[in-house]
Amino acid sequence: EDKVVQSPLSLVVHEGDTVTLNCSYEVTNFRSLLWYKQEKKAPTFLFMLTSSGIEKKSGRLSSILDKKELFSILNITATQTGDSAVYLCAVERGNNDMRFGAGTRLTVKP
Amino acid sequence: EPEVTQTPSHQVTQMGQEVILRCVPISNHLYFYWYRQILGQKVEFLVSFYNNEISEKSEIFDDQFSVERPDGSNFTLKIRSTKLEDSAMYFCASDGGSGKRYEQYFGPGTRLTVT
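Those sequence lines, one after another, are chains S and X.
Going by the numbering used here, the first residue of the first sequence is number 2, and it counts up by one from there.
Going by the numbering used here, the first residue of the second sequence is number 207, and it counts up by one from there.
Quick list of in silico lysine-lysine cross-link-like pairs, DSS-like style, CA-CA up to 27 Å:
{"no.": "1", "chain 1": "X", "residue 1": "K248", "chain 2": "S", "residue 2": "K41"}
{"no.": "2", "chain 1": "S", "residue 1": "K68", "chain 2": "X", "residue 2": "K248"}
{"no.": "3", "chain 1": "S", "residue 1": "K69", "chain 2": "X", "residue 2": "K248"}
{"no.": "4", "chain 1": "S", "residue 1": "K57", "chain 2": "S", "residue 2": "K4"}
Derived from the structure by calculation, the hints contain no laboratory data.
None of these values were measured; they are calculated from a predicted model.
Generate the whole structure from the sequences, applying the supplied hints.
Listed below in structure tokens is the structure:
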């Protein structure tokens with residue numbers, strides 16, 4: 002059965018800390034892996050990864066995919082309280098089917 | 207900045223009633239999706255829609271569910287006979303504009319409460 006597993010499920014850090022969120026997957030017909038940030042309501046897109054070993058960066062956030070070991074990490078450096086959210090990993094399979102992980106709830110304390 | 211919109215923001219209905227959730231995807235997008243998120247649980251894929259037909263659906267999307275793009279702008283999800291377990295936040299998403307596949311933009315969601 003296809004699955005997307007995120008770890009840890011929750012994480013509490015202090016401002017300025019660096020965090021690494023993990024996403025492992027087992028899916029048939031993998032096409033891409035996406036990271037989303039979900040605050041109060043709808044997820045917002047962060048990154049899409051299709052190739053192994055190529056880091057994507059946006060400000061303090063970065064992500065990389067390992068298609069051999071079937072995982073991705075999302076790094077956030079110099080965390081701020083505004084980074085507090087649930088971070089969702091999703092894997093797109095062939096034919097427009099997306100599977101989400103359960104999410105990692107990140108809390109950044111001042 | 208263009209955005210996906212959804213109406214209503216909150217719908218309360220009685221078990222067995224039909225509901226229609228409405229979405230207006232971003233205008234130049236080509237792929238449309240419905241997801242649901244039961245309170246405290248993960249986001250679950252329901253269905254994807256492209257070129258006026260369903261391209262993929264999950265096991266959740268049974269005969270009680272249907273989708274439609276009745277005109278050039280709206281994308282609807284109909285639940286024929288609601289059950290208590292249909293209570294969830296329903297998100298619409300779209301992508302495929304300007305060659306940017308898979309960067310899905312989500313609407314704000316409709317909270318469906320079935321009593």
